[in-house]
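Participant: Take a look at the letters that make up each chain.
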Amino acid sequence: MSTLMNTSSRIRRFGGLKALTDRFTGMELARTSKELVLPMVGILVFLGFWHLAAPQVNTSLGSFPGPVQVWEQSGQLWQEHINQRERADKFVIMQEDRNARILAKNPDAEVKIRSYPGAPTFVDQIVTSLITVMAGFLLATAIAVPLGIVLGLNRHLQAAINPLIQIFKPVSPLAWLPLVTMVVSATYVSEDPMFEKSFLTSMITVTLCSLWPTLINTGVGVAAVNPDLLNVSRVLRLSFWTHVMKVVLPSSIPIIFTGLRVSLGIAWMVLIAAEMLAQSPGLGKFVWDEFQNGSSQSLSRIMAAVLAIGFIGFVLDRIMLTLQKKIAWNE
Amino acid sequence: MSKPHLELTGVEMSFDTPKGSFIALDNINLKIKKGEFVSLIGHSGCGKSTVLNIVAGLLQATKGGCILDGHEINSPGPERAVVFQNHALMPWLTVYENVELAVQQVFRKSMTKQERQSWIHHNLELVNMAHAATKRPGEISGGMAQRVGIARALAMKPSVLLMDEPFGALDALTRAHLQDSLMEIQQELNNTVIMITHDVDEAVLLSDRIIMMTNGPAAAVGEDLYIDLERPRNRVTLADDPTYVHYRQEVLKFLYEKQRKLESITPRRNNQTTGTNMQKDTAPAAKA
Ligand SMILES: Nc1ncnc2c1ncn2[C@@H]1O[C@H](COP(=O)(O)OP(=O)(O)OP(=O)(O)O)[C@@H](O)[C@H]1O
Ligand SMILES: [Mg+2]
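Protein sequences appear in the order of chains P and E. Counting in numbering that gives the first Met the number 0, the first sequence tops out at residue 330, every number present. Counting in numbering that gives the first Met the number 0, the second sequence tops out at residue 287, every number present.
Note that these hints are calculated values from the structure, not bench results. Errors might be hidden in some of the hints.
Residues from chain E that face chain P, not an exhaustive set, calculated with beta carbons under 8 Å [as the list claims (entries may be wrong)]:
1. ALA55
2. PRO90
3. ALA101
Some chain P residues well away from chain E (every beta-carbon gap over 10 Å; in silico) [stated by the list, open to error]:
4. LYS33
5. LYS104
6. PRO119
7. VAL126
8. LYS168
9. ASP227
10. TRP328
C-beta atoms are modelled at their ideal positions from N, C-alpha and C, and glycine is treated no differently.
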C-alpha cells in the first residue's frame, strides 16, 4: 500500500499522468509504425522503382507498363465488366419480351432460352478461378486428411505408401494436365453434364498437385501424438472412432493446418498455370488471351492480372491463418 | 486369507533393443489386498514404471502374469486408472472437459447428464481445482495440472489407482497438501493404490506397505516393508515418532547401503528436480 502511494506521488512530481500517457503513445507509435508505416514505405519504394524502371524496358508491344498505366487499365477492366453486365441484363429482358410475345401468339410454341453469349470479363474470370481453386482444394483436403490419418496410424501402410508420395509430390501440374484432360474427356460423358469438362480438368489438376503437403503433414502429426495421451486413450478404452476424433485429430490439428496453408498456396499457383495451358476459363486464360491478343494495352492488362493473382493468393492465405487461429488450440 | 485382490506371479519383462533383448524385470511376485496403499521405491531405471504399466495393462509381461479379482489383465481399462508422471492432459481440452472425457466414457450408460456434471465438479473440488474448470492445461501450473490428472483418475471410480511419481514435479508445499488430500480420499473411497515414488518420507507417510526394488537390470522385489502406523496420519506429529523414524531408516538403508548405486548418487546431487529429496535423505542415513 505504502509503495503504491509512493509511486503515485512520484508520478505527480514528475508531471504525473501526462508523462505516463506520453510514454504510452510513444509505444503505440512504435507499434503502428511497425505494422503499418513500414509496409507502406516498402510498397511506395517498390512503386517508385517500378515507375522509373518500366519505361527502360522495351518490348515489341511498346515499353513495359508502369504503375500508372496498370492502374488505368484496372479501371478499364472494371468498366468493361460493368458494361458487359448491363448488356447481359438487356439481353435477358429482350429475350423474355420476345418469348412472351411468341407465347401470346401461340401458347404451344417452343421458346428458346439462351444465356448471354458475350465473352467473360476479367471479374468473371476471377470468380471462375476462385470457385475452381476452392473446389480443387476442398477435394484435396477431403482426400488428404483421412488418408493422412490412416497412414499416420498404421506404420506398415505408411512404409508401403511413402515412396509413392515422394515420387508424385514433385510432379509439375503441366505434366498431369494432358493426362487429366484425356481421362476426363473419356470418362465424364453425360447428356446433361453438371460441370464443364474444363472445370473438372482444372479442378482435378489442382487437387493432384496440392494434396501432398496436407497428406504428409497429417501423417506426421498423427504419428507424433504424445504417447502419454495415447496411453490415456487406451486406459479409457476409447473406441477407434472416438480415439481418432477426440485424441488423434485434435492433437494434430496445428500441423495439419500448416499443411493446409501450403496446399492452398500451391493450389492457387497450379490453377493459374493449368488454366493457361488448358485454355479453361479463369484468370490463367485471361492472361493467355491477352498475350495472344498483343495489343498495346495487353501488357498493362496482364500486369493487372498478375497483381490480382498475387493479392488473391495473399488474401486466401490470410483467411486460412484466421481459420487456423480460430480452430487450432495452440494459437 | 482369501484370494488376493491383485496378484503378480513370476512377472518377467524383457525389451527388444538394438543390442539384443534387455531383461528389465525378473520374477516379480506380489500379492496386494483390497484397499491397500502400496508404494514402489527404487533407484532410477530399476523398472518401477514397467511394473506399473504391466498392472495397467499398457505393457504385456513376457513371462508370468497379473490377476485382478480373478481375471487376468491383458489390456488397459478404466478400472485401473493411471495418474501419469507428467499429467497427460489433453492440451486442447479445458480442465472440465479433460475430466469429462473420462467420465463420459466410463459412466455413459450408468449416469444421467446431470449426474455426470455434478460428478465431474465433485472430483474437481476434491483436488481443489473447481475454480479453474474452464482453463486449458497450458494456462495452469504444473501442480494444478497434476491435480486435474488425479481428479480424472479418481473420477473413473477405479478399483485400483496407479500413480507414477504423481508428486515428483511439485514444490514441497503443494506436494504436502496433495499428499494429505490423497490420504483423505483414499481412506474415504478405500481404493487400492500403487504409487511410485522417489521420496522416502512420502512413501512412509502414505503407505501401508513399501515395496523396495533391487537395481536393474533384472530387477526384483528386494524388501517388502509393512508400515504399521495409525491412520489418519499427521506429518508433523509423526516427524519424531520413533516407529516412523525407524521405518524411514529401513528404507534409506535399503536404498543407500544395500542397493547403493555409486554412479547415480553423485550426479543426482546436482539434479535439482528429483535430487532435493535424496539430498535431504542422505544426511540422516549417514548418521544412522
Ligand atoms: N520400451 C523400452 N525399450 C527398451 N528398454 C526399456 C523400455 N522401457 C523401459 N526400458 C528399460 O527398462 C528399465 C526400467 O525402466 P523404467 O522406466 O521402468 O524405470 P523406472 O524405475 O521407472 O525409472 P525412473 O525412476 O527413472 O522413472 C530401464 O533400464 C529402461 O531403460
Ligand atoms: Mg519411471
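Participant: Could you work out which of the previously given hints the structure breaks and list their numbers from low to high?
Facilitator: Of the numbered hints, 9, 10 do not hold.
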